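K.L.:
Each protein sequence line maps, in turn, to chains X, G, P and U.
Following the working numbering, the numbering of the first sequence begins with 1 at its first residue and continues without gaps.
Following the working numbering, the numbering of the second sequence begins with 1 at its first residue and continues without gaps.
Following the working numbering, the numbering of the third sequence begins with 1 at its first residue and continues without gaps.
Following the working numbering, the numbering of the fourth sequence begins with 1 at its first residue and continues without gaps.
It should be emphasised that the hints constitute simulated quantities derived from the structure, not laboratory data.
Source: prediction; values computed, not measured.
Backbone N, C-alpha and C fix where the C-beta goes; we use that ideal spot for every residue, glycine too.
Among these hints, one or two may not hold up.
[Unchecked claim] With a straight-line Cα cutoff of 27 angstroms, these simulated DSS-like cross-link-like pairs (lysine-lysine) come out:
{"no.": "1", "chain 1": "X", "residue 1": "92", "chain 2": "U", "residue 2": "45"}
{"no.": "2", "chain 1": "U", "residue 1": "45", "chain 2": "X", "residue 2": "135"}
{"no.": "3", "chain 1": "U", "residue 1": "921", "chain 2": "X", "residue 2": "92"}
[As the list claims (entries may be wrong)] If you want the ones that stay clear, here's a sample from chain U, every Cβ over 12 angstroms from chain G, calculated:
{"no.": "4", "residue": "112"}
{"no.": "5", "residue": "129"}
{"no.": "6", "residue": "314"}
{"no.": "7", "residue": "363"}
{"no.": "8", "residue": "365"}
{"no.": "9", "residue": "520"}
{"no.": "10", "residue": "561"}
{"no.": "11", "residue": "611"}
{"no.": "12", "residue": "624"}
{"no.": "13", "residue": "722"}
{"no.": "14", "residue": "729"}
{"no.": "15", "residue": "822"}
{"no.": "16", "residue": "919"}
{"no.": "17", "residue": "963"}
{"no.": "18", "residue": "965"}
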Amino acid sequence: MSRFTTNTMGLATIAAVVVLSAGCLNEQAYQGTEDFPRHTNNLLPDPIEGEAQIGAGLVTGEGLEQPIAFPHYTHVTDLGMQCEYCHQAARKSIHAGVPQTSTCMNCHKYVKTDSPEIQKVKASYDSGNPISWKKVHDLPDYVHFAHKRHVQAGVDCTECHGLMGLQGQPTTWTETVKEYNEAGEVTHVENVAKEGIRWPVVRETTMQMGWCLDCHGGHPSIDENYGDQADLRRAELKDCWTCHK
Amino acid sequence: MSTFGNIKRGTAVKGIFAHLDLFMTAADRLKKAGFRNFEVLSPLPRHEVLDVVSEGRPSPVRWWTLTGGITGITCGFLLTSLTAIQWPMINPGGKPVVSLPPYAVIMFECTILFGALFTLAGLLVHCGLPSWGLNKSLQDPRCQDDKFGIVFLDAKDSDLSDIVEVLRGAGAIEVTTGDDTIYEVPNA
Amino acid sequence: MFLNHKPNRPATYGEANRDIIRVLLSPSMGYFALLALVTTLMIYGGYSWYMQLRYGLGVAGITHPNMWGVYIVTFVFWVGIGHAGTLISAILYLVRSKWRTGVYRASEAMTVFAVMTALLFPVLHLGRAWQMYWFFPYPNQRYLWVNFKSPLMWDVFAISTYFTVSAVFFFIGLVPDIAIVRDHSKGAIRKVYSLLSLGWAGTGRQWHHYMAAYGFFAALAAPLVLSVHSVVSWDFAVAITAGWHSTIFPPYFVAGAIFSGCAMVITLLLPLTIAFKWEKYVNIWHFEQLAKMCLLTSGILTYAYATEYFVGWYSQNPYEWQIFAWRATGEYAWAFWTMVICNCVAPLPWYIPSLRRNPWVLFIVSIFINIGMWFERFNIVVSSLSHNFDPSTWWYYWPSEVEWGIMIGSFGWFGFWFLLFLQALPAVAIAEIKELIAPPVKGALEAK
Amino acid sequence: MTNLNRRDFLKALGITSGASALSACGLDDNRYRTPVESILPYVVKPDQVTPGTPTFFATSALQGPHAAPVLARHRDGRVINVGANKRAPTAPAVQAFNLYELQKHFSPDRVTGPMKAGAPVSWEDGLNELSAAVSAKGAKKVAYLGGYKGPALEQLVGEFADIAVFWEPTGYDALVDAAEALFGVRAMPHYGLHKAGYVLSFGAPFLSGWGDSSIAARYAEARDPNVGHSVVRFGLVAPHRDQTGGNADDWMACAPGSELVVARAIAAWVANKKGASAEIKALIGNVSLDEAASASGLSKEAIESAAANFAAHDSIALPGGVSGSTDLAAATYLLNLAGGASAEMFHFGGFSGRVDGYAKLEALKAALDAGEIAVLLVDDANPVYALPGGADFGASISKAGLVVSVDSAPSETAALASLVLPTSDVFEDWGVEQPVAGMYLTRQPAQSALHDTRSLGDILLAVGKAAGVAAAAPAPAAEGEEAVEGEEAVAAPVAAGFSAANWQEYVKSWVRANLFSGGDFSAFWEKTVIDGFVSAAAAASVPGLVAGAYAFAATEAQGSGEYFLHLHNHSQRLDGRYANQPWAQELPDPMTGEVWGSWLEVSKATADALGVGYNDAVIVTTPAGEFEVGVHVLPSVPDNVVALALGNGHTAAGRYANEYGVNGAAMATLAKDSKGNATYGPIKVSVKSAGKKADLVTAFSTFGMSDEGRSFGVAVNAGQLAEHGDAASDHPGEMTGIHHLQLDARLREKGISDFYGLPDHPNYRFGLTVDTNACTGCGACSVACYAENNLPIVGKVKVAEGREMGWIRINRYWETDQGGQDDIRFVPMMCQHCGHAGCENVCPVLATYHSIDGLNAMVYNRCAGTRYCSNACPYTVRRFNYHSYAWPEPFNLQLNPDVVVRTMGVMEKCTFCVQRIRQVKSAYKDGGNFTATVPSEVWEQVPACAEACPSQALTFGNLVEEGSKVVAATKSGRRYQPLEELNAFSAVTYLAKANFHIEPPSHGGGHGAGHGEDHGDAHHDEAGHGSDDHGEAAHDDNHKGGEDHPEAGGH
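Build out the structure end to end from the sequences listed, making use of the hints.
P.N.:
Written as C-alpha cells, this is what we have:
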C-alpha cells in the first residue's frame, strides 16, 4: 500500500475521531439518585458462616458511633423494661420508632441526672434539637418493611435484632499490649485485663433478601396456623410485592 | 484408553515416507509382521491412514457426545422446572408454573451445549490433549507438512532390526532409532 | 478479472503450507492503517457506551413506543451475519460439499467474531448494564432465578450456546493448522502457537478421534444454525406486537441470516483473496457458489415478504395490515424500499452467470445485501413498534448519535478481531485443503 | 424535532450538570457499604402523629376564589398528598388544582424568609418597617390587593386596609354584577347540573376549574345513565372548544362576541315556547333566531334545535368564560328563568365571597396614580402579569409609598415590592372559607411552616397592634391560652380588631361569632377542625327579578384584522396562577397535548390559508402589540378564529413558569362591556407566518386524531343508554355494537378450553372501571398519580423526546360521527393489569409478573432495563426511566415514602397504588383478622386516581367479589375493553361514552357505534367463517349465549 494511501487513511481516521467525538460531547449530565444501591445486589452466594456481615458487605454497626452511649443492657436486662416502652410504634406502625426525647426524660428528669450522657439527652430536650442516631438496621429504599405486621404476628424482636438486651453489657477481656523500642523491636509483651462496655449496636443478621426468605419462603408455622389457606398464605408471603415497593 | 498412556521409554523407531503408497505398504507389512504398537503421522486425515490405527473401530468420542446430550436435556429440564417450582406464586403471563413449550427451547440449547462440551472433553481425553510435552519422536514438522511417518515409541530391542528392515524395504526416506539416523535418502 | 474460474490447485501439500503461512505475521502499512481505523471506531463505540452508562438510555433515540432501536437491529444483524459461517463449516461439511473447503475457515472466523459482536448488544442496550449477571441462572443469596419463559432468556441460552459451540468448532478446526504454523515459527511466537496447538502431532489416533469429534461438532452446530435465528426471531414473534406476531418468522429469519451471512463472506473474502493472492484456494468458483446461496435465500426472503403482506391483507387483522401498509407508504417507506431493492432486486443480476463471476458485481451486490439486511431488521423492529396498537402513542423514531456510535463501534470491534485473525491464524484450512490435493504416490514400489 | 435551546434543556426539572458519574459506573469504593443514615426522633412527639403512619388533616385547598374541602395526608412531618374530604357534603374528590397547591407549597421558588430590597432581613425589622409605614400614613391610605381567601381574612383585611381589592381576573365579576342588576343580590349563581337534562354553555369552562369544586361531579351525575335514567346533553355555543368544550355533544361554533345574541334569541324562543312571564320576556327583549343566525354565522336550524332541546328538558344555561360579558351572564340567567329552571338547579347560593373586578382595580390604580396610597400590600394577585397593559399598572404600583408583598410565591407583581414578608400557605395556616352559601370550610395547618414564613393574619394583627390601626368594630374579649384548652365558656365574642393573640385565635373567635350557635364551643370547635367544615343547610329559592329592564349591548370588537383572537383559560394553569407548578406544565393539555408552552389553535383552513402547519411559528398582531407563537392545527376553532390559552409567558413567576410560551393577556385589549366590566371580548388580529419553526411540544402523537377504528374510544347511543343504564345486560357490551368477544368465551362455548387458563385468584383480583362517559379529560387522576407515585417531571426537552413519565395517559380520540358532529373521547389509559399479560412473559428476570391478587406487579429493583415488556405491551402504558431524575429541594419532601424513587434504566408503570392496597389490607390485619377478604366498597377509591377523579369516572374494586361495582360494570351493555380480542384478559373495564349522534347498533348488525366497520371486517374471519355451518343456530342462540354473533355482513 502506497505511502499516500496510508497517510490519507490516517488523516481520515483522525478526522473521524474528532467528528464523531464532538457529537457525543454535547450530551448533558444527569444527576443520579442512588435509590437502588448496588451493595444490596450481591453476586456472591450465601456468605461464609461467621463472616456473614463482612461477606455480604454490610455495615454491622461496628464503628458506628452513636451520639449517646445508650446501654440496652441496663434498661432491658437489668431493669426489665419492655422493648415497646420506648419503641412505641412497633405494634402499630411500619416503623418501630426510636423514642422521642421526652420518653427518656420521663425517668431521667430524676434518674442519673448527673451522668454526662444524660446531660446530652437533657440538652436535646431543652433545646428541642433531636438526637441524631445512626441507623444500624437499615433496609434499602425499595423494601417495604412493616414492624407492625411482624410484631402482631408474634415475631419476637430478637429474631431479627438479636439479643439487643446484651448491648451495653459490662464485660471483661484481655488485650495484648506490646512495647517497642526505636528500632521497632518488641521489648515487652503483657496481657492486660480490661473491663468496659461493648457499646456498638451490632446487626446480628444479614437482613438481606435471602435472610428474609428464610421465613417468608415458607415458615413451618403457616401450615399450623392457616390450614386450608396455607398455600394461599404462603404465596402471599413470598409474593414480591409483599416486601418490594 | 489413552494413546500414550502406556508409553515406556524404550527405543523409538521412526520411519518417514514421502509417498502415501509406500507408507501404506510399510504399515501393511508391519501389521503382517505382527506389529501393532506403532503410531502413524500424517499431515491430513486420509481414511486409509486412519484405518491403519483404528482398524475400522469407531472412535469412542461418540459416547461422550451421547452422554453430553442426555445430560444437557436433563439439566435443561431440571434447571427450568426446579427453579420455577421455587417460586410458584410468581406467575408470568398466566402460564403454568412448569410450562414445557417454552422450556423446550432451553432444553434444546442445553442439549447442544453439553453435547458439544462433552465431545470436546472426549476429544481431548482420547487424543491425550493438551500435551505440550509430547514425545519428541512424535513431533515431526515434516509430517505436518507433506510427509508420512511410522513411529514405534517403545520398540523392543529384539524387534528393532525387523522394524527397520520393513521400513527401509517399503521405501522410507529416513529411518531413525533413538537419536541415530540409520538411513536417509538424500534430497528426498 | 482477478480470479480464475477453475480451481488451480497447488501441486503439493508443502506448497499449500507455504502459501497460507506466507501471509501470517507480516503486516503491511495498509494493515496497520486498517487496524488503526477499526480501533478508533471501537474506541468511539466504547465512548458512546460510556455516555449511555453515565447518563442513562436517554442519550439514545429510543423512546416510547420504540423501546428497541438500532441496538437490537444491529444485534440481529450480527447474529445473522454469523450464520453463514456455521452453515458453510457445519452443514456443508455434513453434506460433503467440495466448495466449502477454501472458504470455511474465514467464514467461521467471521461467525465467531460476529457472534462476539452480537453478544455485546444485549449488554449494551440494557438500562442497567451492570446488572447483566442477573440474566444467568446461578445460585445466589436472594434465592432468585430467571424467567425461562422469556424469549430473552432463550436468547441468552441460544446465543451463548451458539458462541460456545462455534468457538469450539472453530478452534478444533484450527488445531492441526496451528500445529503447522508452530512448526514454521521460531522464538517466542512459537511458544504461543505451541500452546494454542495443544501439542497436536497429527498421529493417526489423534486424527481418528479428531475426525469423529469434528463430525459431531458439525452435527451439533447444524441444528444451531437453524435454531439460533429462530430463537432470535421469537424475540419478536412471541411478543404480541403487530408486525412481529407471526409464525413465519423463524424460517424467514434463518433464510435472511444465511442471505446476509453469505453476502458478508463475499464482502470480506473477495478483497482478501485478491490481496493475499489465494487464488489457488479460493477463487471465483467459490464466490459463485456463495452467490447462488444468496440467490436462493433472496428468493425465500422475497417470498416471505410477500407472504407477510398477503397474510396481513387476507387475515383482515386491522393492526397487522395497518403496519404493513404503513411500512410501505408511511414515514419509514424509505427504509422499506431500501430493504426491498437491496434484498429482492439487487441480487437479480447474479442470475446471469457472467455477472455473478464478475468480482466487481459480486462485491457491489454483496454490499447492497448487507445494507438491505440491516434495513430489514430496522423495518421489523422500528416500524412495528412505531405504529403499535394505540394510535395515540404513534411515534417516529430516529437514532441518536450515541446509537450510531455504538453501531459503528460494533463494526470496529468486529473488524479488530477479524484483522487480528488474518495475521495470526491461517485463514484457509490447510489440512483440509490437502485433502483436495492428490497425495504423493510412487506407484512402482508396490510390485517389489 | 424542535429548536429548543441549551438553556431550555438545562432548565428542565431534574436535569442538572455534575453527576455521580463514577458511582453510576460502579467505581465508587463504597459500593459494598451501606451509606449510614440517621434517625431523628421527635423531641416531643405530637399526639396525633405516629412515625411511619399517615395522619390526615381536614383542611381546605384554594381553587381560584373558591376552596375545596380536602384531607391533607401528613407523613413524618410533612404533607405528602391531598385527597378529598369525604365527610364534606361536596364532591368526594379533588381537582388537579388542589394538588397543584401541594406543589406550590413545596416549590423551590418560594421566598423562604423576609426580604428587603433583595436581601434577607429579620421578621422584626420587616414588621417594624411595615408598622412604621402604616402608622405614618397620615392622610394617605393603606391598600390591600390580593386574592380572596375567606371571610375571616376579608374581615381582618377590611379592618386593616383602607382599600381592599380581592381581585379575580377570570370574569367572575360579570356574574356577580349581572346578578345584582337582575336580582339585586351580589352573589354567584349555583348551578344544579345534576338535575339537568340539557346544559347549554356559552363558553364557561365549568369542567376546567370554573365554578365551585363540585360542579364537575354534578355534571358527571347528570351524565350518569344510572341516576334518573337520563343522560345530560351538552350544547356549546362558543368559538372554541377547550377541555370543557371537548365534552360537548353539540358544538355550535359562533362568531366571537355573538354569544349574547344567540343566548337572547334562544331565551326569547324558549320564553315563548314555555310561556314565560311577560316580565322575563320583556327583559329578554325581542331577538329573532334569524338575527342570531346572521350575527353568529350559525344556521338557524342549529340554534332552533338547541332552543328546542332547551325547552324540552330541565335545562341550564351557563354563561361565558373569561371572554364572557355581564350582558351574556344576564342573558343566561334570563334563559334559565325562561326555561323554568327549578330552585335546585339555579339559585344564587353559590360562592358568596368577594370577587372584585376590573372596576375596583381601576379605582386602586387611580388612587395609586394620585399618590394616595402610603402602603400597598400585595398578596397572591398578579395584575402586572394578568392585565392587558400590565406594565402600566406596575408603574402605578411603584407610586405607592411602600409596596409590601405578602406572598411567598414569586410573581411579576411581587417583584415590584421593596419589602417581602412571605406568608404561610394553605397547608401551614389557619383560615375559613365559604365555597358556597351555607357551607364553611375551616383550614388548619397540616404541617409546621416549611420556611421562615408567618401567617398573613399574624402579620396584620401584629402590624395593626403596633401601628394602632383603629378597629372598625368593638374588640372581642381576649382569648388566651385557656381558650385553647377549651375551659372558657363566656358569651360569644365578636371577632374584630387587632386584640386577638394570633391568627389562630382570630379564626377561632370568628367561627365563634359567625358559625357557633350555642352549646359547648370547645367541643364545637374540635368537631369543626376534625371535620373541616361547618354546614348549615340554606334553603334555595328561585331568584326573584328586581329589574324591570335590562339594556343589552354587544361588546365592541377591538382591533382589526381578518381573524378573531379567542383567549381562554388554560385547563391546568388557569389564568397563570399555576404556571410555576411543574405538574401543571407537564400535564398535557387535554385537547392538544401541548406541554410547557403556548400554542395557537387554528383550523385546517386557516392553517392552509396562512401556509403553515403544526409547530410553524406565526406572528399575531393585536392592538396591543405582536407576539410569535407556534401553530397547532385542530378542528377546535372555526375558520375565522384563532385561540390562545392564557397562563404562560411569565417573566418573574419562578423557574418553571418563566419564558415558557407567551402571555396572551398582556397582548389583549380589554373591552368594557355595558356594565363597565372588562372582558377579553372579541379581539381582531392579523396573523402571518413567521417563516420558521416554533418550539411546541405535544405529548400526543402527531400521527393521528382518531383511534383508527380500534375501539379505544367507544360511544353508544345516548337514548339507549338512558333507557337501560348500566343494568346487567344479556350480552355485556351489546350497546357498543362491538361483537368481537374474547376468543376464550367462544372456545368455551364450543367446549374447547383455553390453552392456558386464567390464573387462580382466590381472594382478590383487583380491577378498575373507567367510565369514559363521566371522564372529562381534566387530568386530576394523572396529577394525583404524579403526587402519589413519585413520578418525575422530565421537562420540555424530554417530553419532546416522548419521555414523559405519567402512568396515566389521557388519550383524546377525535372521532367524527355519522351526523358530522365531532365527538371527542377522553380515554384514560393506564396499566390494564392483564390476566395474560404480554409484558410478563417476556421479562427475563421476572421483574414483572402476575401477583396472587391479580396485579401486574413490577419489582423496580429487579428490573435490568431490557424494555422488552414495553414492546410487548399492546397498550404502551409502561414508562421507562431514561435518566435518574432529581427533585429540586424541597420538592423531594413531597415524595411518598411508601413508593421508591426509581433510578435510571428501570421500567415502571401503574401499580393500582399497591402501597395503598397494602395499607388497606394491613389495616384489616391490625384488627386481628389475617384471612379476611376486605369488602369491595372499601376498595372503591383506594388508588390515587380513583380518589382524585372529580367526576368519579374511576372505580376500583375486587373482580372476584360478585356484587362489587367493578363486576357490575363488566356486565353493562356499554362495557368494552380496548384490544379485547388480543385475549389479554385485562382487569380494566371501560364503559362507553354516550353519544347523541349515533344510532344504536341494529341487532346482529354490529355496525352502529361509529366503529363497527373495521371490527366487523376484522373479526368476521374468526366469527363468520367459523360459524358458517351453524349460522342459523347461532342466530337463534343470540339472546341466550351472548358470545358469538355472526355478523350480518359476514356471510
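K.L.:
Next, verify each hint and record whether it holds.
P.N.:
Hint check:
1. 92/X x 45/U: Within the cut-off at roughly 15 angstroms; holds.
2. 45/U x 135/X: holds, 20 angstroms
3. 921/U x 92/X: Status holds; Cα separation ~14 angstroms.
4. 112: holds, 48 angstroms
5. 129: holds, 66 angstroms
6. 314: holds, 49 angstroms
7. 363: Holds: least Cβ distance 69 angstroms, greater than 12 angstroms.
8. 365: Holds, since 67 angstroms exceeds 12 angstroms.
9. 520: The assertion about residue 520/U holds, with a minimum of 55 angstroms to chain G.
10. 561: holds, 59 angstroms
11. 611: The assertion about residue 611/U holds, with a minimum of 51 angstroms to chain G.
12. 624: Given that every Cβ of chain G is farther than 12 angstroms from that of residue 624/U, nearest at about 60 angstroms, it holds.
13. 722: holds, 38 angstroms
14. 729: holds, 27 angstroms
15. 822: The claim stands: residue 822/U keeps its Cβ more than 12 angstroms from every Cβ of chain G (closest is about 39 angstroms).
16. 919: holds, 21 angstroms
17. 963: The claim stands: residue 963/U keeps its Cβ more than 12 angstroms from every Cβ of chain G (closest is about 25 angstroms).
18. 965: Non-interface label stands for residue 965/U: nearest chain G Cβ at 25 angstroms, farther than 12 angstroms.
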